[in-house]
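These two chains come separately, so use the hints to put the complex back together.
In order, the protein sequence lines correspond to chains A and B.
At position 18 of the first sequence (counting the first as 1) the number is 18 in our numbering, and the numbers step up by one without a gap.
At position 94 of the second sequence (counting the first as 1) the number is 94 in our numbering, and the numbers step up by one without a gap.
Hints were generated in silico from the structure; no laboratory data involved.
Note that the Cβ used here is the ideal one computed from N, Cα and C, for glycine as well.
There's no promise every hint is true.
Below, in silico cross-link-like pairs of lysine-lysine (BS3-like), each with a Cα-Cα straight-line distance of 27 Å or less [stated by the list, open to error]: (1) B:K221 x A:K41; (2) A:K140 x A:K96; (3) B:K120 x A:K46; (4) A:K105 x A:K46; (5) B:K163 x A:K12; (6) A:K46 x B:K223; (7) A:K41 x A:K12; (8) A:K41 x B:K120; (9) A:K124 x A:K140; (10) A:K96 x A:K46; (11) B:K120 x A:K12; (12) B:K221 x A:K105; (13) B:K223 x A:K105; (14) A:K105 x A:K124; (15) A:K46 x A:K12; (16) B:K163 x A:K41.
Derived contacts from chain A toward chain B, CB cut-off under 8 Å, selection only [unchecked claim]: (17) F10; (18) A15; (19) A33; (20) S36; (21) L42; (22) K46; (23) R49; (24) I77; (25) Y78; (26) E81; (27) P84; (28) C94; (29) A98; (30) R116; (31) G119.
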Amino acid sequence: MTLRVTRRQFFKLGAAGMATSSMAMMGFAPEPAVASVRHFKLTGAKITRNNCTYCSVGCGLLLYSRGDESINNIDDIYHVEGDPDHPVSRGSLCPKGAGVLDFIKSRSRLSHPMVREPGSNEWKRISWDEALDRIARRMKDDRDANFVSEDENGNTVNHWLTAGFLAASASSNETGYLTHKVVRSLGMLAFDNQARV
Amino acid sequence: MDPPAVILPANDVFAIRSQRLHALSGRVEALSEFLAFMGQVAQAQQAALERGAPSWLPEPEAFTLALEHGMPPLSVDALRRDVDIRSELMAFLDALDLHVGEAQRPLVEQLRHMPEEERKGLVEALLDGQPGPEESRGAMPLLAAALQVAWVRLVRCLPDAPKRPSDETRTICPSCGAPPVASVVQNDAAYRGARYLQCGLCATQWYLERARCSVCEHTGKLKYLSLQDDDGNPWLPVQAETCGDCHSYLKIMPRELDDGLDAIADDLASLALDLSLNEEGAFRRSGYNPLLIVGE
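So that you can see chain B by itself, here it is in the shape it has in the complex (with noise of 0.2 Å):
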């Protein structure tokens, strides 16, 4: 049986990956507080996750349409101006206050208050991967965390899962056209070893055939890069999928080595892979994770 060529979120995605994001709080000391703060974050977009339903919706048939002729039916360059981001932001601020500690409030206060220009300003540097301004930045993962639960609950409005993307668009996310943030090797037993890139934004799941570069889709110089601790042990399940033809790389992460990873908490939580990368400079990095937002 063929594995599924795309895999929707599932209701309980940020739960998951708040639950996530405290075990790793644990076990990376460097990031222990960072981590813990955005399990928080998660926690809180569960919560808004929960609550409502989405005030504004394309018509039905922009989504069959989409659907049947292989466009992201939720395209963020298309939904940017539509979708109602201020709500969506207020819901999970009012989520995450209950929790968010007195050195992270002022970004909470930032955001409330921020004038509408500026707010558009930051969705759009978000929706394009740019850094923003830097004395915006620390706010930017929160206004983040509201977009991710603005498009999940898109995405959960889906009729249909869309089609296995055409050639040309295979490694762009088939839900919003957005890039992926790493990729995850399954271990159900349905589909065991099959490879999914993961949406950064909506965590929409498709499939890309294994030892591919994401980026360019050659085969011939992938290189798969770790980290080891001092005892030689490896240290979380997190590699590096290099390709040498186009000189980037996307991380990967086999659930057979942990079945509780999250593409999104692993991500931040490998940041020493992309620091020993960088440093290393052979490989530039493909994927987005928006809630990380480093400048140059």
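Same shape as in the complex, but just chain A (with noise of 0.2 Å):
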């Protein structure tokens, strides 16, 4: 990776240098500072941009994590604002989003695929794998029994009605136009963006 490193120098604030720093010389002794350094402890934050996925505003958000991966913790979410650089939102939440913290740690919060069986009343967890295959393998098997390839008046169309696609809310264009063409090449034609909770 190139560094663009501009009209930027550095400069050496270290515990070596006091002693012939600006504030020994003009008769403050440095050597309480360098020794208080002893009663305090660095520790370190992130702050990751995302969008708010309430709505389809997609207001900026900034999310306030502690912990650090290196060392095997998990990080965990202690605060989060408004980004004030969005450019739709500028800073503001309206107030589902300024509470999406306790959202984020909700114990009822979903955060592993679940499937109920037809007949059964019980939810039971399932892996991402085995999810994901369950659901290609049903619209496969959807699509085969129920597609169209010709209409009434002999028009060759890519139809596929008997299921729908709903998308998420605080999708970027990009999300948006790859939805799109999966969805659409697969003949859908029912399909829709959640734009509001």
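Below, the structure is given as structure tokens:
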């Protein structure tokens, strides 16, 4: 990766240089400041940009998290605020968006795929691979059974009318483009994006 | 509404800094006397700023031309030989004279009687971010204080604020081209949460997105490091925005944590954060504060 370090230089502010620093030369002993470091602990946080998931406005969020992935801690999101640099929302959030931290930390939040088999009243946990395989299988079976390749006037068409597709709200243009390409090429006509909750 | 691209310093910038330094002097025991003295320095800067108009100004067309073409209109490189630094220095030293203690008086005398060539050499060193010769280093922050007054005075004569800096130059000051001392995250209702870099020389503030490295402009490996005391409480409202791509850091100060903060003052007071980071050794400091010069 090329780094574009512009007209910037670096400065060494370390204990070794303090004895000949301007502060010492002005008559202020640097030793207490150097010693004070022992009373502090260095802690780190990350700030990650994201979009609010609630509605199609897609307001910008800054997610603050603690934890250092390098030492096997799980990052813990502890604060969420509006992204002041987001061109649409400019840092503001609606009450639902402002409360998104509770949503992230909700104990009832779904964090893995689950299935309720026909006739059963019980939800059971399955793996992502299993979930995606099942969804793909059912889509393929339904499409094979109901696909329309010719309309009543004999024109060739690509129509799969027995299934529909609902895409997520806070998608980017790129996600919207890809969703459209995948869904339309399968022949689905019933297709919407969730615009609000 | 978009936040303003560039905010020029108010005419009480040094008075506010002085108040903050005095307040911090009571909070940071290890630097108490140093911060109290720097508070006196800022007070003298304010007095010097209020005394009179700039004795030298660029041609008005030069301002307009520079602003039109996105160049810093008060470039430290272009103006260092034009600004009347001697009279700025004398006005500042006169204002400081009343407050300076016995221990620091020799510095004032050293500057007053410094041969012109030597003074010019120190001005060059300060504007280039060099530590200067060891025997003059004690006097350099006082000379830097006079330079800050000179440039704030010039900035206040600008007909307009500079435009938003273009990509290549947005990590240096759009007014004078000097590097920033730190970032400040604003708490004003109109642009709450927006980050501004603040110039270490002329106190101009300019916008840069949050969560972006102010040196290499990458966003992927930023971490915000700060100091906690023994009880786990955050210390000053100062964090280091560290970048794992270019291995540098710049302090960032959220006004939400303390509305009274001042970039220059809080940078001096949070020296322990620099010392900790230097000990850790992973990140180099990119912020330039000419009121604290450290050599090798």
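How the hints compare with the structure:
1. B:K221 x A:K41: holds, 21 Å
2. A:K140 x A:K96: Roughly 37 Å separates the two Cα atoms, so the pair is violated.
3. B:K120 x A:K46: violated, 44 Å
4. A:K105 x A:K46: holds, 18 Å
5. B:K163 x A:K12: violated, 32 Å
6. A:K46 x B:K223: Judged against 27 Å, a Cα distance of about 5 Å means the pair holds.
7. A:K41 x A:K12: Between A:K41 and A:K12 the Cα gap is close to 20 Å, so the pair holds against 27 Å.
8. A:K41 x B:K120: Not OK: A:K41 and B:K120 at ~42 Å, beyond 27 Å, violated.
9. A:K124 x A:K140: holds, 23 Å
10. A:K96 x A:K46: holds, 23 Å
11. B:K120 x A:K12: Cα-Cα ~24 Å, so holds.
12. B:K221 x A:K105: Between B:K221 and A:K105 the Cα gap is close to 25 Å, so the pair holds against 27 Å.
13. B:K223 x A:K105: holds, 22 Å
14. A:K105 x A:K124: At roughly 22 Å apart (the allowed maximum being 27 Å), A:K124 and A:K105 satisfy the hint.
15. A:K46 x A:K12: holds, 25 Å
16. B:K163 x A:K41: Violated. B:K163 to A:K41 sits at ~41 Å, over the 27 Å cutoff.
17. F10: holds, 4 Å
18. A15: holds, 6 Å
19. A33: holds, 4 Å
20. S36: holds, 4 Å
21. L42: holds, 5 Å
22. K46: holds, 6 Å
23. R49: It holds, given that the least Cβ distance between A:R49 and chain B is near 6 Å, below 8 Å.
24. I77: violated, 14 Å
25. Y78: violated, 12 Å
26. E81: With a minimum Cβ separation of about 6 Å from chain B (threshold 8 Å), the hint on A:E81 holds.
27. P84: With a minimum Cβ separation of about 4 Å from chain B (threshold 8 Å), the hint on A:P84 holds.
28. C94: violated, 16 Å
29. A98: violated, 13 Å
30. R116: violated, 40 Å
31. G119: Violated, because the Cβ-Cβ distance from A:G119 to chain B comes to roughly 49 Å (cut-off 8 Å).
Violation of the numbered hints given earlier is confined to hints 2, 3, 5, 8, 16, 24, 25, 28, 29, 30 and 31; the remaining hints are satisfied by the structure.
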